[in-house]
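Visitor: All you need for this note's numbering is the position in the sequence shown, starting with 1, plus 430.
Hints are computed from structural coordinates only; laboratory data are not their basis.
Owing to the predicted nature of the structure, the values given are computational and were not obtained by experimental measurement.
Glycine included, every Cβ here is placed at the ideal spot set by N, Cα and C.
Hints may be right or wrong, so weigh each one.
[To be verified] Straight line, CA to CA, 20 angstroms or less: simulated EDC-like cross-link-like pairs of lysine to aspartate or glutamate:
(1) K519 <-> D616
(2) K439 <-> D468
(3) K510 <-> E499
(4) K592 <-> D649
(5) K481 <-> E496
(6) K656 <-> E500
(7) K658 <-> E500
(8) K615 <-> E518
[Said to hold, decoys possible] Restraint-style ranges between C-beta atoms, simulated for each label pair:
(9) N583 <-> D662: 45 to 51 angstroms
(10) G535 <-> L507: 26 to 32 angstroms
(11) K656 <-> D616: 35 to 41 angstroms
(12) K617 <-> G535: 40 to 46 angstroms
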Amino acid sequence: MPSHSEKPKTAVVLCGGLGERLRPITEQIPKVMIPIGDRPIVEWQVRWLLKFGINDIIFACGHLYEKIEEHFGRSGLGAKFSYSIEKEKVGTSGAVKQAFSMVSGSSTFVLNGDVLCTLNLSELANFHLTMGKVGTITVTQLRSPYGICESFNGILERFVEKPLLPHWMNSGIYVFDRDIVPYLKDKGDLEQDVFPKMAGLLAVYMARDLWMTVDTAKDLRESETKIKEYKDWLGVTF
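Please construct the entire structure, taking both the sequences and the accompanying hints into account.
Guide: Right, dumping it as structure tokens:
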């Protein structure tokens with residue numbers, strides 16, 4: 431049983447990715463600073479955290495981190511900002527392990543910096559405490575990127591455009607207790623080097639909320655069409 435006894439009050443936002451599929455934009459700014467609507471991706475995420483009272487935010491960053499620090503500084507929007515800066519590429523596992531030295535409590539949210547979601551973080555935190563594991567992975571239902579045809583004897587019986595599939599994928603949203611640190615690699619990725627070796631040690635939270643990730647130019651275009659809905663849900667006006 432992990433030694434946690436409190437809900438996380440901190441969030442580590444993973445911002446070190448090179449965003450290679452969004453070049454040439456990411457040659458000038460980090461992927462998380464690409465604007466959606468009139469705000470950078472990561473500012474929408476910060477406002478999501480603030481909606482649930484998470485105001486101690488650590489940016490785990492490397493590539494062009496100065497752009498993030500120039501935008502947020504050390505405080506603003508009702509939050510305190512800190513920066514865990516990679517001197518070399520260490521992957522998502524190494525980034526989280528390094529950032530944990532700046533986490534004040536016994537647990538923290540950990541988020542991929544290119545994800546926007548309407549997930550209720552308070553409910554996620556309660557689930558994590560109830561499950562009593564060293565970490566919780568949030569998953570979202572996989573949607574087919576294509577229209578699906580169902581046929582019989584060469585005749586179309588049903589056509590479904592981009593249906594939900596019976597599979598659940600990692601959403602890039604986690605809760606980690608400090609007790610997970612010994613499992614983290616100094617260099618490596620959570621998805622490839624850590625999670626596959628932690629079967630039975632992690633909880634899984636199934637989320638059915640609006641979820642967007644910005645990894646390609648197509649993702650960026652699609653997120654632009656949804657950002658007003660997201661802004662309304664956040665309840666922000668500017």
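Visitor: Work down the list of hints and note, for each, if the structure agrees.
Guide: Against the structure, the hints come out as follows:
1. A C-alpha spacing of about 10 angstroms is found between K519 and D616, which places the hinted pair at or below 20 angstroms, so the restraint holds.
2. With a C-alpha separation of about 28 angstroms, the suggested pairing of K439 with D468 is violated against the 20 angstroms cut-off.
3. With a C-alpha separation of about 12 angstroms, the suggested pairing of K510 with E499 holds against the 20 angstroms cut-off.
4. Annotation: proposed proximity of K592 to D649 holds, straight-line Cα distance about 15 angstroms (limit 20 angstroms).
5. Under the criterion of a C-alpha separation no larger than 20 angstroms, the hint pairing K481 with E496 is inconsistent with the structure, at around 26 angstroms.
6. For the hint linking K656 to E500, the alpha-carbon distance of about 27 angstroms lies beyond 20 angstroms, and the restraint is violated.
7. Only pairs whose Cα atoms come within 20 angstroms are accepted, and K658 paired with E500 is rejected, the gap being roughly 26 angstroms.
8. Taken as a hint, the K615 and E518 pair is honoured in the structure, with Cα atoms around 14 angstroms apart against an allowance of 20 angstroms.
9. The beta-carbon spacing between N583 and D662, approximately 47 angstroms, falls within the hinted interval of 45 to 51 angstroms.
10. At roughly 21 angstroms, the beta carbons of G535 and L507 sit outside the given window of 26 to 32 angstroms.
11. For the pair K656 and D616, the beta carbons lie near 37 angstroms from each other, so the given range of 35 to 41 angstroms is met.
12. The hinted range of 40 to 46 angstroms is not satisfied by K617 and G535, whose Cβ atoms lie roughly 26 angstroms apart.
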